[in-house]
Amino acid sequence: MRWTAMAATALAAAAAGCAPTMDLPDGFVKVGGDEPYDMRAVSADGVVLALRGHDNPEDGTLAFWAEAVRNELTGGRDYKLTGDDPVASSGGLDGRLLSFSAERSGAPFTYLVAVFVTRRRVLVAEAGGAADAVKGKLAAIRRAMLTARP
Amino acid sequence: MRKTLTIPALAALLACGGCLAMQEFQPEAGEARRERTASTPDGPANLFAPLEAPPAAPEPVAHLAAVQPRKVVYTGRFQIATADPRGAVARTKALAERMGGYMQEMTRESIVVRVPAGRFDEAVAELEKLGAVFAKTVQARDVTETYVDLEVRLANAEALLKKLLALLEKAKTVKDALEVEKEIARVRTRVEQLTGKLNRLKGRVAYATLAATFRTAGDAPEALRPSLPFWWLHTLGLDGLMRF
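So the sequence lines, in the order shown, correspond to chains A and B.
The working numbering puts the first residue of the first sequence at 1, with every later residue one more than the last.
The working numbering puts the first residue of the second sequence at 151, with every later residue one more than the last.
Just chain A, same shape as in the assembly:
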């Protein structure tokens, strides 16, 4: 490769930054990252995938964070827990995948949260949308969430 192309690639790699990421399924388009999300993507029928990383300040365990997430959503907010499964990311991180149902404007919605924990970071992958839309691509969404990496 000529030096101009090498230099350009090196410079652009520096611009990419160091943020959590995951592989998106077909049919999802990345949209601008917006706090607190490090990345978000949408499908044409309004299903949203997102990924974010947060500090794990006191070496919190996976059990702690999974329970914290579950309690946040079910303890006073209108989410019903429909599933809680141990999972592993493609990078080897142990995680938990929590599934919830909720209603918005009288229609059923599905919301998924996958939590992965390293010593210093908590990775949270989320997916949500109208229940029928999520159901149609559930396997692809789950696969994508399990590719989350710091």
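By construction, these hints were calculated from the structure, which means they are not laboratory data.
Any given hint could turn out to be false.
In the DSS-like style, the derived pairs of lysine-lysine whose C-alpha atoms are separated by at most 25 Å in a straight line are [stated by the list, open to error]:
(1) K322/B to K312/B
(2) K30/A to K352/B
(3) K243/B to K279/B
(4) K80/A to K135/A
(5) K30/A to K347/B
(6) K332/B to K30/A
(7) K332/B to K320/B
(8) K313/B to K325/B
(9) K221/B to K352/B
Assemble chain B onto chain A, guided by the hints.
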């Protein structure tokens, strides 16, 4: 030969410096510690007492953040008992508009409004007059380091774009030019993303968010539930995820 050795070496040095710079600029380095949350039906804790010194953050963001006026995101969540929940929702909307704010989302018995950050306390006081407050969470999150981080990352990406454009001028073959243009497109997208992110953060700093749910007076108030001191937990859910 000399040119071949010098320019890739320069590019590699720039790349190393850029990636190190990116690693230093991790958001939330100081923010979790600086967040204060009060959840009480009886009134706020002393939210606006001076904060303890923030933990050390990597240079140069910490240095820049220290000399910057603080950027704070204010949010409040309320559960209020009232004889007329629908009327209270309408009054909250009117209140926000009177203060130069706007309604963000609304149902029959709940509403989310944005008001200018400088009028947050006034808006909270007015909202509390609409009924009996039986649950309240008020949060002031210092996002100065994230703000400065975004500004610096954007400036770096824009500088990088300029360098790539200069590099394009020096491309001697079509193949090289195409490679450089590909990288320019990628960095340009990054600039747009960072600009969008910074503008959205500016919006959240400029306008505080107030969310209120109204219940008919006489319904048993919800038991106060424990709230963990990790701000990001409260941002989980469909409403944030699906809002653009």
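For each hint, the structure was consulted:
Restraint check: the Cα-Cα separation between K322/B and K312/B comes to about 18 Å, which is no more than 25 Å; the hinted pair holds. Restraint check for K30/A and K352/B: the C-alpha separation of about 22 Å stays at or below 25 Å, so the hint holds. Proximity of K243/B to K279/B is assessed by CA-CA distance (about 14 Å); at most 25 Å being required, the pair is judged to hold. For the suggested pair K80/A and K135/A, the alpha carbons sit about 17 Å apart, so the restraint of at most 25 Å is met.
Taking the CA atoms of K30/A and K347/B, the gap is near 14 Å; set against the 25 Å cutoff, the hint holds. A distance of roughly 18 Å separates the Cα atoms of K332/B and K30/A; the hinted pair therefore holds under the 25 Å criterion. Taking the CA atoms of K332/B and K320/B, the gap is near 15 Å; set against the 25 Å cutoff, the hint holds. Note on K313/B and K325/B: the hinted pairing holds, with a Cα-Cα distance of about 19 Å set against a maximum of 25 Å.
Restraint check for K221/B and K352/B: satisfied, since their Cα atoms lie roughly 9 Å apart, inside the 25 Å limit.
Every hint, counting from the list given before, is met by this structure.
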